[in-house]
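Got chain A sorted already, so can you dock chain B onto it with the hints?
Quick mapping for you: the protein sequence lines, in order, are chains A and B. For the first sequence, our numbering begins at 1262 and goes up steadily by one. For the second sequence, our numbering begins at 1262 and goes up steadily by one.
Since the hints were made in silico from the structure, they are not lab data. Note that the coordinates shown come from a computational prediction; the quantities given were computed from them, not determined experimentally. Misleading hints may appear alongside valid ones.
Identical copies carry no separate label here, and so any pair may be met within one copy or between two of them.
In silico BS3-like cross-links for lysine-lysine, where the CA-CA straight-line distance does not exceed 27 Å [to be verified]:
hint, residue 1, residue 2
1, Lys-1337, Lys-1362
2, Lys-1407, Lys-1352
3, Lys-1463, Lys-1305
4, Lys-1305, Lys-1274
5, Lys-1407, Lys-1273
6, Lys-1273, Lys-1305
Number of protein chains: 2
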Amino acid sequence: MALSAGEVRKIKKAAVVDGVLPIFHERWSARAFADRDVAQEDLKRAFEAARWAASSNNEQPWRFVVGRRGTATHEKIRESLTGFNQAWAGKAPVLILGVAKTRFSHNDGPNGYALYDLGAASSYLTLQAAALGMTTHQMAGFDRAKARERLGIPEGYEFGVVIALGYQGEPESLGNEELIRRETAPRQRRGLAEIVFAEWGKAMEW
Amino acid sequence: MALSAGEVRKIKKAAVVDGVLPIFHERWSARAFADRDVAQEDLKRAFEAARWAASSNNEQPWRFVVGRRGTATHEKIRESLTGFNQAWAGKAPVLILGVAKTRFSHNDGPNGYALYDLGAASSYLTLQAAALGMTTHQMAGFDRAKARERLGIPEGYEFGVVIALGYQGEPESLGNEELIRRETAPRQRRGLAEIVFAEWGKAMEW
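Just chain A, same shape as in the assembly:
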């Protein structure tokens, strides 16, 4: 018998660290989505957060195409998903395609930070969604050529990400043993010693 959605939330929550905003430890990427729609105001709040991310030259290269369930856009994004993502992500009530403008608007020069900045804006979006009790899952597994063609994304915008957004569902609804295993496994991260150095390869001493 699979764990319940509530039990999963407890497993996924990282250990609290005094003085750190709880949202960083609470956000996680579900695959099981409940059959529950997202209010338009809450979706707007998620993008309102994304809008305020920092970006190189304040270019704000991020653009989001948003498909709500039942629209052609949702269907087109869903059809572009590949592999395992096809099995679960289509159930999310909102699918978002995120792309980034590859040239600066002020001088048409190449923007080497377009994807970096898209990553920032998307992370703001996912944190704000989590703050509102929603869950998100960012995916790299989709067919870029298909997405570009179906959704009419012009040259000059690079992919990008697909983000599934909605409310957490019951793990059992995934109907696949491997997906249920992932859904109910604790989150893991590298320790600080692996990622923060006083000089290259030498861990910062805390």
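Structure of chain B alone, referenced to chain A:
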């Protein structure tokens, strides 16, 4: 007479939106840094947040080299800065170089999301720093070849970003009219109609 640091904070704060975490509107990128050190525990909290960002295949490709004022690492990062950044960023008590591993650890395949994921982790870091009353400024303007050589960053890690971190200082301390103008100008962002589409080029209706 330039505005005070407190007046600047009011100008930089974006309009509150009901239901959106205040931190997204409060974070901004200062250039004037106060002559005040950052407690080691607070620096650690910023990286604790960064650690929990989402990443493709949970690779966590981000690595940060952290230079505190007075260390050789701070000096090396400072020397790699270019243009305007040279004029102000060296005063930050902490300079952080962020790089991203370009290949997945599990199969050595190329990771096209390395910079995207670094952008996410850096944005977690900057939000958490803001939550603790610090300010950060992410920079693209630095000499990558020089930074690679001086800091001994091996092949297989791409740049990346330099992040200045500390406490906001008085705008006048910038000692440069253009920098003071930027420091005291309201933050600007594209409206949602420019970045959120129901289909490409057609703004989402809210």
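Here's how the hints hold up against the structure:
For a Cα distance limit of 27 Å, the shortest separation of Lys-1337 from Lys-1362 inside one copy, 21 Å, qualifies, whereas the shortest one across copies, 32 Å, does not. In the homo-oligomer, the alpha carbons of Lys-1407 and Lys-1352 lie at most 27 Å apart inside one protomer (20 Å), although the nearest pairing across protomers, at 48 Å, exceeds that limit. Taking identical chains as interchangeable, the C-alpha atoms of Lys-1463 and Lys-1305 lie at most 27 Å apart only when they sit on different chains, with a minimum of 16 Å there against 43 Å within one chain. For a Cα distance limit of 27 Å, the shortest separation of Lys-1305 from Lys-1274 qualifies both inside one copy, at 25 Å, and across copies, at 19 Å.
Taking the shortest alpha-carbon separations for Lys-1407 and Lys-1273, neither the intra-copy value of 33 Å nor the inter-copy value of 41 Å comes in at or below 27 Å. In this assembly of identical chains, Lys-1273 and Lys-1305 lie within 27 Å of each other by CA distance both inside one copy and across copies; the values are 26 Å within and 22 Å between.
Of the hints listed earlier, the one the structure fails to meet is number 5.
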